[in-house]
Amino acid sequence: MGEGEAAKWAKPLLRKILDEEPHEYLANWNALKNAFLLAFSDPMKKERAIQNIHKLQQTGSAQHYVTAFRTLMQELDWDKHAFIDVFKKGLKNNVQQELLKATITQDTSTFSLEKWMEVSIRIDDLLFTGRSLRDNGSSGNQDRKFQPRTTQAKVGIVPSEVIQKRREEGRCIKCGRRGHRMRDCKFKEWQQEIPAVKGKEAKIEEVKEEEKSSDLESEN
Numbered sequence: 013m014g015e016g017e018a019a020k021w022a023k024p025l026l027r028k029i030l031d032e033e034p035h036e037y038l039a040n041w042n043a044l045k046n047a048f049l050l051a052f053s054d055p056m057k058k059e060r061a062i063q064n065i066h067k068l069q070q071t072g073s074a075q076h077y078v079t080a081f082r083t084l085m086q087e088l089d090w091d092k093h094a095f096i097d098v099f100k101k102g103l104k105n106n107v108q109q110e111l112l113k114a115t116i117t118q119d120t121s122t123f124s125l126e127k128w129m130e131v132s133i134r135i136d137d138l139l140f141t142g143r144s145l146r147d148n149g150s151s152g153n154q155d156r157k158f159q160p161r162t163t164q165a166k167v168g169i170v171p172s173e174v175i176q177k178r179r180e181e182g183r184c185i186k187c188g189r190r191g192h193r194m195r196d197c198k199f200k201e202w203q204q205e206i207p208a209v210k211g212k213e214a215k216i217e218e219v220k221e222e223e224k225s226s227d228l229e230s231e232n
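Count along the sequence shown starting at 1, add 12, and that's the number in the numbering used here.
Don't take every hint at face value.
Straight-line Cα separation of at most 25 Å, PhoX-like style, residue types lysine-lysine; simulated pairs [said to hold, decoys possible]:
#1 58 - 100
#2 28 - 45
#3 45 - 23
#4 101 - 127
#5 57 - 20
#6 58 - 23
#7 45 - 20
#8 67 - 127
#9 92 - 67
#10 127 - 113
#11 104 - 92
#12 92 - 58
#13 127 - 100
#14 101 - 57
#15 92 - 45
#16 100 - 113
Worth flagging that the hints you see were computed from the coordinates, not collected in a lab.
Produce the entire structure from the sequences given, and follow the hints as far as they go.
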């Protein structure tokens, strides 16, 4: 294997260390690190990070936005207030509005960037859940208005107590299954609770549910 550029750069400095010769790069660790970065880092990397972090906008969940923001901020050495200002400007308008309300009801002057990220994710999840619940309620009203009453529960109408029970048990409030949140649910419509079954019937139901989930994933 051939000698790399970094090794070629470091070899003269290693020789000086062995010979106990002084050099400005060897004065301390920061001097050596800065010299190395000057020689090998991308001079435009920081500029690109600044441009990208200012252009970054929340288009999906706040969680995804936070992840992208963290990646870009690794290239920058701003203070916390600069990061917080840019972070909040990139959030969706409705999330920003809720954050503004928070500044009225509590003292947020001591909030760290991590705290703002945590609050933003929580607000975004609550807003998403609220929209979904309203959609579920609208669907229920339409079914009651235009379709005859039946004794069988209909897909798309989930009682509020069932939704609350699913939330408390850490399940998806839309389909009732574990392992994902509602925003990642593969089902297009709200699903009723599946009655508990035992023995052979339980295995049959499990196979049916796996086949149904596979069909939904292949459609998406």
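### Message
Checking each numbered hint in turn, tell me which of them this model violates, lowest number first.
### Response
6
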